[in-house]
Amino acid sequence: MNIPLLSFMIFAPLAGAILLIFLPKDRKDLLYGAAGAASLLTLASSFLLYARFNGAAASLQFVERVSWLGGGIQYHVGVDGISLMLILLTTFLLPVAIFSSWTAVRARIKEYLIFMLLLETGILGVFCAVNIFLFYVFWEAMLIPMYFLIGIWGGRRRVYATTKFVLVTMFGSLLMLVAIFVLAAQYQKATGVASFNLFDFYGLSLPPQLQLWLFLAFALAFAIKVPMVPLHTWLPDAHVEAPTAGSIILAAVLLKMGAYGFLRFALPLFPDAVQKLLPALAVLSIIGIIYGGLMALVQKDIKSLVAYSSVSHMGLIMLAVFALNVEAAEGAVFQMLNHGLSTGMLFLLVGVLYERAHTRAIADFGGLSKQMPVFAAFFLVAILSSIGLPGLNGFVGEFLCFYGIFAAHSVWAILAVSTVILSAAYLLWMYQRVMHGPIVHESIKTYRDMNAREIALVVPIVILMLWMGIFPRTFLKKMDATINSYIRGLKGQDKVFVLKPALNRGSYPRLSTAETVPQTRFGAPSAPASAAAEARPK
Amino acid sequence: MNALRALGPLLTVAGGAVLVLLLDAFWKRESKNHLAYLSLALLAGAAALCVRLWDAGAASFEGALRLDRPALLFCLFLILAAAFTVLLGLRYLAQQNAAFGEFYGLLLLSLSGLMIMVSTRDLLIVFLGLEVFSVSAYGLTGLKRNDDRASEAAAKYFLMGSFAAAFMVFGLAILFGSAGSFDIGEIFAAGGGARMPVFALAGLGLVLVGLAFKIALVPFHMWQPDVYQGAPTPVSGFFVVAPKTAGFLVLMRILLPYGQGQWGRDAVYYFLYAVAALTMIVGNLGALRQRNLKRLFAYSSIAHAGYILIAVLALDARGMAFYLASYLFLGIGAFAALAAMCRPGREYDDLDDFAGIGFRYPWIGSIFSVILLALAGFPPLSGFLAKFYVFSAAVRAGLVPLVIVGVLTSLVSVAYYLRVIAAMYMREPVHPVDIEVENPAVLLVLFLCLYGVLQLGIFPGNVLTIIRQAMAGLF
Numbered sequence: 053m054n055i056p057l058l059s060f061m062i063f064a065p066l067a068g069a070i071l072l073i074f075l076p077k078d079r080k081d082l083l084y085g086a087a088g089a090a091s092l093l094t095l096a097s098s099f100l101l102y103a104r105f106n107g108a109a110a111s112l113q114f115v116e117r118v119s120w121l122g123g124g125i126q127y128h129v130g131v132d133g134i135s136l137m138l139i140l141l142t143t144f145l146l147p148v149a150i151f152s153s154w155t156a157v158r159a160r161i162k163e164y165l166i167f168m169l170l171l172e173t174g175i176l177g178v179f180c181a182v183n184i185f186l187f188y189v190f191w192e193a194m195l196i197p198m199y200f201l202i203g204i205w206g207g208r209r210r211v212y213a214t215t216k217f218v219l220v221t222m223f224g225s226l227l228m229l230v231a232i233f234v235l236a237a238q239y240q241k242a243t244g245v246a247s248f249n250l251f252d253f254y255g256l257s258l259p260p261q262l263q264l265w266l267f268l269a270f271a272l273a274f275a276i277k278v279p280m281v282p283l284h285t286w287l288p289d290a291h292v293e294a295p296t297a298g299s300i301i302l303a304a305v306l307l308k309m310g311a312y313g314f315l316r317f318a319l320p321l322f323p324d325a326v327q328k329l330l331p332a333l334a335v336l337s338i339i340g341i342i343y344g345g346l347m348a349l350v351q352k353d354i355k356s357l358v359a360y361s362s363v364s365h366m367g368l369i370m371l372a373v374f375a376l377n378v379e380a381a382e383g384a385v386f387q388m389l390n391h392g393l394s395t396g397m398l399f400l401l402v403g404v405l406y407e408r409a410h411t412r413a414i415a416d417f418g419g420l421s422k423q424m425p426v427f428a429a430f431f432l433v434a435i436l437s438s439i440g441l442p443g444l445n446g447f448v449g450e451f452l453c454f455y456g457i458f459a460a461h462s463v464w465a466i467l468a469v470s471t472v473i474l475s476a477a478y479l480l481w482m483y484q485r486v487m488h489g490p491i492v493h494e495s496i497k498t499y500r501d502m503n504a505r506e507i508a509l510v511v512p513i514v515i516l517m518l519w520m521g522i523f524p525r526t527f528l529k530k531m532d533a534t535i536n537s538y539i540r541g542l543k544g545q546d547k548v549f550v551l552k553p554a555l556n557r558g559s560y561p562r563l564s565t566a567e568t569v570p571q572t573r574f575g576a577p578s579a580p581a582s583a584a585a586e587a588r589p590k
Numbered sequence: 019m020n021a022l023r024a025l026g027p028l029l030t031v032a033g034g035a036v037l038v039l040l041l042d043a044f045w046k047r048e049s050k051n052h053l054a055y056l057s058l059a060l061l062a063g064a065a066a067l068c069v070r071l072w073d074a075g076a077a078s079f080e081g082a083l084r085l086d087r088p089a090l091l092f093c094l095f096l097i098l099a100a101a102f103t104v105l106l107g108l109r110y111l112a113q114q115n116a117a118f119g120e121f122y123g124l125l126l127l128s129l130s131g132l133m134i135m136v137s138t139r140d141l142l143i144v145f146l147g148l149e150v151f152s153v154s155a156y157g158l159t160g161l162k163r164n165d166d167r168a169s170e171a172a173a174k175y176f177l178m179g180s181f182a183a184a185f186m187v188f189g190l191a192i193l194f195g196s197a198g199s200f201d202i203g204e205i206f207a208a209g210g211g212a213r214m215p216v217f218a219l220a221g222l223g224l225v226l227v228g229l230a231f232k233i234a235l236v237p238f239h240m241w242q243p244d245v246y247q248g249a250p251t252p253v254s255g256f257f258v259v260a261p262k263t264a265g266f267l268v269l270m271r272i273l274l275p276y277g278q279g280q281w282g283r284d285a286v287y288y289f290l291y292a293v294a295a296l297t298m299i300v301g302n303l304g305a306l307r308q309r310n311l312k313r314l315f316a317y318s319s320i321a322h323a324g325y326i327l328i329a330v331l332a333l334d335a336r337g338m339a340f341y342l343a344s345y346l347f348l349g350i351g352a353f354a355a356l357a358a359m360c361r362p363g364r365e366y367d368d369l370d371d372f373a374g375i376g377f378r379y380p381w382i383g384s385i386f387s388v389i390l391l392a393l394a395g396f397p398p399l400s401g402f403l404a405k406f407y408v409f410s411a412a413v414r415a416g417l418v419p420l421v422i423v424g425v426l427t428s429l430v431s432v433a434y435y436l437r438v439i440a441a442m443y444m445r446e447p448v449h450p451v452d453i454e455v456e457n458p459a460v461l462l463v464l465f466l467c468l469y470g471v472l473q474l475g476i477f478p479g480n481v482l483t484i485i486r487q488a489m490a491g492l493f
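As they're listed, the protein sequences go chains A and B. Position in the first sequence (first residue = 1) + 52 = my numbering. Position in the second sequence (first residue = 1) + 18 = my numbering.
Don't read these hints as lab results, they were simulated from the structure. Cβ coordinates follow ideal geometry from the N, Cα and C atoms, glycine included. A portion of the hints provided could be inaccurate.
As the list claims (entries may be wrong) - Partner residues aside, some chain B positions facing chain A, computed with beta carbon under 8 Å: (1) Gln113; (2) Phe377; (3) Leu391; (4) Phe396; (5) Pro397; (6) Pro398; (7) Val413; (8) Arg414; (9) Val421; (10) Val423; (11) Val425; (12) Ser428; (13) Leu429; (14) Val432; (15) Ala433; (16) Leu436.
Claimed, not checked - Straight line, CA to CA, 20 Å or less: simulated SDA-like cross-link-like pairs of lysine to any residue: (17) A:Lys162 - B:Ser387; (18) A:Lys530 - A:Leu516; (19) A:Lys162 - B:Gly374.
All chains should be built: construct the whole structure from the sequences, respecting the hints.
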């Protein structure tokens, strides 16, 4: 294999964006063609990735490692069972989001598509990066296109919403950056070599007090992104103001980056601190579930209702992440996909409706199913998937989550089940008010039903929902090994590099690490030897 | 002969300044472009001489003027900044009725002062260079002599600068009284600052205060926003970058020998610690309130001086040099964007002027946005990497509280940089803005700055290597 598949996938959208710069800005078909081609190429390469991914192995696959800046900073990417799923979700939804904008975005199409493609590169980079520096670069860089997407093509209060989004998110990530510095400094003190490799850091044993601070810094960054209550306030603003495609990506993929961060970084790096703070984190998740659900109940705007439902559903995912067992972790990852699909589709459909009605207030609708039967049917499918109807994807994920959470802590599970009741309540009630009853406004009678393009956008999602509901093994089998080894890693706290006063810098740890690094701890080969080579001045 | 080689770059610039001034006096022409081209050629020559000396280095005047590698590297930075300034001035000065040949002469002269500052270890020579720079800088500030604000700025700069110079001379006198020498190496020969008597420390403190005035560290920054607002835009761009570049190298040259042995437990350390924190806080909070972009960038440059000071406190010369290299493109790039927003007799520098220009002038808007994002520290741009190196060195040096202040204040900075971008792309025009688009020199500078920002942000390998080579020769 000569072309590195992973890098090709990450940077294909970027190449598309660069190509778009040179296309004439008034040729809408050409622009969409180029952007669509880039995103579909990315989708195709992610399918190839899925096909070639060896689900039986827990290790990182498709690893690419190129020296970049020196001092342990490398271009180091790889995929395991967890990130593979999120990559598929991203590459699948991006073309949908792009083509959903065909009529919704009228002005400055070229710039819009450029930012969408840049966003995709940023997100894929986050899910592939193994080097923490590289991760941080993608994590922050991804904010820029999102900032412009909301700020230029958003609603009335877009500037406020997008600035708040960026500032709140950055607040967390900047403190995380400080924690990364401390982590790297500690690693260098313990081993004498500079590294930013995540899997090297896994082996680091830190004093409990320091762990606590570092964990808080990381957790803050990720909890803002998820978002966990009480750090969620940016989310409804951003969602309501964002253009449809922005909402789709925001809800379906960006929020997952927070949960992914907990899974990949915060929990395995600081196991002692996690043990100490687990109750608090679980309580916050449960509060999120209930609070998000209750807030969704009282929303007047469909979009903000879906936004608060995200807060609630992400609460469940986080609770499953904190349950720290195999079933819950698999459920959490699977539920991330579900939530991505169902919420993404809900936002897509709300966008479809908004293009016709130019309002999203629930009170403005009624009897819509008479006028738009196809739309109503698809809307119902999305809602049922979100609620977790057996046969659809949501059921599998929620079942696994509850199963795992119950095994960890029965009280948590009992409280968490309320999400099913609440989401049924707010979603079905909203459906009833919008779709059933008499037609309240004359203008509703002028709405056209979904056209072929819009149907073509949602049909793949619906097929995938059914597929995941009936044959979840297709996806679960690729992550079994990864998650098993991940949970083993979390439970067995065999730290490799013990922090000692650096009396004899360099010589002591290198001797001991060479033999003792378990090659498959957390599924990835840890390679301090190469890090040592990297640390030498070039 | 060796002495002459060491003087080569400096002579080219200083002699060039005289040449330009004389040429302007004896060959009167309406357009001053020929002087600009001559200056560019002189700068290129000086740069080439610096590059030729890279391997050998050179010294003259019994070692008082010493072109070691750090000096050469920083001379190259300064020459590049001056070249950008000349390019920015080409159209700008004619537009703003300030097309005086003195601009080029004074610019070269001030450059020569800064070059003297970086190529010596003798504090008296540093002072000499500083004064050469300052005197020509006062003139440059007041170049738009029909503009009240420019005159006010020049007067203010002159008064404040004279105070700073007085502090510095006083400090130098005390230091000389204590050590019997102006040479940094000899002053700290007895084992760093630990062995210095108290009155010598006071002298050193006064010297540092003088430098802090020039670099505009809080609380010695008051003059800066007014001066940068009043000075011609290209000159402001030069001022945010060049004096900092030279001043920080001098600071590093002083503190490296001073701090040997017991850096971190003495008065100078705590003084600079507090100054760094204050500079970041005041600079960023001050910028938050500005609606005039020149003032905004003046405050933002104060804030950046605070970040660079963190590198100085961590005694991380490479991080400092990389930050300055990155800021060279960012500071000048920002003012280049302002210089682009002009038409004859009118400058657009209010936030409202920028409303909606992003789509109207796509190149200016997009490059300016990239520069703003880099200033705010977004990856993968140079500003991020610069902060990354500085902060990570600081954490290793145990300056975690300062780093936390640094990241939180840079969050504040994101707010005001994004406000400019929001104005350009997310707001409708407030009033008609009509700029003169035909300005290839400014566009060239903008593109070069964009290139610098991307190159230093994504593939800084070569620059890092050069900086590592150069800074190994520091002390």
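Do the hints match the structure? See the list:
| no. | hint | verdict |
| --- | --- | --- |
| 1 | Gln113 | violated (30 Å) |
| 2 | Phe377 | holds (7 Å) |
| 3 | Leu391 | holds (6 Å) |
| 4 | Phe396 | holds (6 Å) |
| 5 | Pro397 | holds (4 Å) |
| 6 | Pro398 | holds (5 Å) |
| 7 | Val413 | holds (4 Å) |
| 8 | Arg414 | holds (5 Å) |
| 9 | Val421 | holds (6 Å) |
| 10 | Val423 | violated (10 Å) |
| 11 | Val425 | holds (4 Å) |
| 12 | Ser428 | holds (7 Å) |
| 13 | Leu429 | holds (6 Å) |
| 14 | Val432 | holds (6 Å) |
| 15 | Ala433 | holds (6 Å) |
| 16 | Leu436 | holds (6 Å) |
| 17 | A:Lys162 - B:Ser387 | holds (17 Å) |
| 18 | A:Lys530 - A:Leu516 | holds (16 Å) |
| 19 | A:Lys162 - B:Gly374 | holds (17 Å) |
When each numbered hint is compared with the structure, violations occur for hints 1, 10.
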